[in-house]
Amino acid sequence: MNPVIDIRHLSAQSAAALILRDVSLSVNAGEAMALVGESGAGKSTIAKAVLGILPAGIKVTSGEILFEGTDLLQLPPARMRDLLGVRIALIPQDPQTSLNPSRRIGDQLTDGLRLRAGLSRIAATAKALQLLNDVHIREPERVLKRYPHELSGGMRQRVLIAQAFSLSPHVIIADEPTTALDVTVQKQVLRLIRQLQREHGTTLLFVTHDLGVVAQICDRMTVLYGGKVLEQGATAGILKNPSHRYTQALLAANPRYDQPEQSLKPVPEEVIADLKREKSA
Amino acid sequence: MLIEARNISLDVPDMGHQVLIGKRRTLRILKNVSIAIARGETVGIVGESGSGKTSLGRTLLRLYQPSEGQLLFDGADITNLDQRAMKPLRRRMQMIFQDPQSSLNPRRTIGSILAGAMALHGDETNETILAALLDRVGLPASALRRYPHQLSGGQRQRVGIARAISLKPEFVVADEIVSGLDVSTQAQVLDLLKGLRQEFGLALAFISHDLSVIRHICDRIVIMRGGEIVEAGGTAETFRAPKTEFARMLIAAIPLPAPDPHWLDE
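Top to bottom, those sequences are chains U and X.
The opening residue of the first sequence carries number 1 in my numbering; numbering runs sequentially from there.
The opening residue of the second sequence carries number 1 in my numbering; numbering runs sequentially from there.
Just so you know, the hints here were simulated from the structure itself, not pulled from any lab data.
A portion of the hints provided could be inaccurate.
Computed footprint of chain U on chain X; a stretch qualifies when at least three of its residues, placed anywhere within it, have a C-beta under 8 Å from a C-beta of chain U [unchecked claim]:
hint, stretch
1, 159-165
2, 170-184
3, 201-211
4, 239-253
5, 259-265
Glycine included, every Cβ here is placed at the ideal spot set by N, Cα and C.
Only chain X is shown next, with the shape it has when bound in the complex:
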């Protein structure tokens, strides 16, 4: 397994709780979660809002430090590494964000955004390298001199993907990367992601609220609720025969584009 979480929990300060004296109470937003992803494997993390799926993704990248449990990357324990010790690992694990509108600096050109990520890790960048990178995600070299607002949503998400793969990572967390896109664009971006996954042999954590998309792209899925994993299994099996009532209900709540007079009443 490339990345593995063993019984991790995550506590955050409870901002809804007033403190006069002493320590602020904490909220446990991940509870005893275990998940492992091998190279070349895609695991879907599904759940409704507030279920902890994004927090889990960020914890897997060690952007958050688990309060309990153990986090392993390529066999090494990274649970308590400091920033400096994490740095060489950072390039091997990357994130693609939900909203390319707000995750790309509006005042920098696409070329400068992409070069920035690579320069940070001491990689050589020049026009040819950056153009090749853009070409890999299906964008023309002319996009290098554009600003994010001059691109469409789908094109911006391609830039987000280009930035993530620019360092040739081994593990990528994709957090709701198609939820803001039109269906036609969504299909193209997912096609691109599938190609890159194969090319790089990525371990991919694919976070989404959309079970239909998950069904298409993931080998296995974990279903989260209230900070816990309530069901885990192979994607096809889970859809065919969900083990929990919660999973069954989630699947049944997806409207299919074929009229079913009984769907609303179920």
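Chain U on its own, in the form it takes in the complex:
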């Protein structure tokens, strides 16, 4: 099977440090792949590199990012813009800051449909209503007229999910989409993402630090530390039998309410020391 996203030997650096080191990973059509790691692991950098929105200070030094066979790193900005939102879309982390506070939900949802899909205002509004229905928002007609601050965090995240799926992209990148939400809302949002992803056959790249979330919604996972891939494979297999010491330590550090005695163990210092030595080598 041809991968939809195929990242090959990607390295990136800032003025101060190497950010990504020879990262390779591929995601097949319709699959949900998790990028897992702690802060500084490089998981968000990979997501930003795919979207072509790396911060000004970070430069890709080598490697390629193939999307359906085309190297995104070689695309002129105008061609890249044509892809974003249409073929590759983003569900951002923070529903608070990702919607324009001074525009109504309806206007923001119909932008892409009118400008990118060429729908008329009436057709775009009808589609927006259907999208809000798909993400289980009650009274969608009223929500279209609302401003972001009038909605709860969970509702805003649903709007952003509706927006991401609106142009039926082939790939959706979700960057910690439930980190800011309460657990009960998180569960609803995860269910929604998984359900829409399956219905549309969308390929999902899911950035998260939460191994619990990975376990419940991703088919495969990539474990990162210090910009390097440590381990990659089927989620069930890695979580059951992690081969890298860091992955084992991360699992043992994760608090579990069902295993109060065996979990929440601090990561042994020698594991971190080994990784740091490797990193500076």
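Following the hints, position chain X against chain U.
Same frame as chain U, now just chain X:
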């Protein structure tokens, strides 16, 4: 019981309500809440955002004055004490904040931040005392001359803990102190807190939205919703057999790091 709240309620001005003439309406954000914590005991306060858990923590420290009910500290009624009468008690009750980034003054060194809290209560401070304090939370003495931004998130949270224990308090409120940290750092900081709790015989109110963390560190828990306590009990019993549907749902919403094909559908 070292700290005890009896049927307290807390009203705040309703800023969402327009007033032209007369008094602003109030919102009741704590409703008839009772909670007691003994020395050496850790009580978890859990709930979703807006449930009133932080307001309860701050009221227990008498940072807010309850609108109704009674607040007792070490047997004395502190419900209506003024600032001056509260001052000698302040050192006996401390808070560790959620975000060490914004609760440490960015323009002062760690040494100056720690010395400030102690000087306020007339305690002697010198380099040796401060270095010993840092050592107790696992930081090197060299950190005294650092500024908060030069430390990692986990190190900053250790400074927040050092500040809280610098006055040898008896009661500590820890408000979401590990929610911004990576899991590996979280385990270390909680380990530190467990050690200090034992050493000082602390009465600890541990506020968190994370039930898994609560399960590990608390003897008892109270679950809040809409400003009320909806369930209270021993931690192990509550997890084994939650009494309310709300508690059951909260626990079931936590994703475990082991794939469960039915979890999403429940």
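Looking back at the hints listed earlier, which ones does the structure fail to meet? 1
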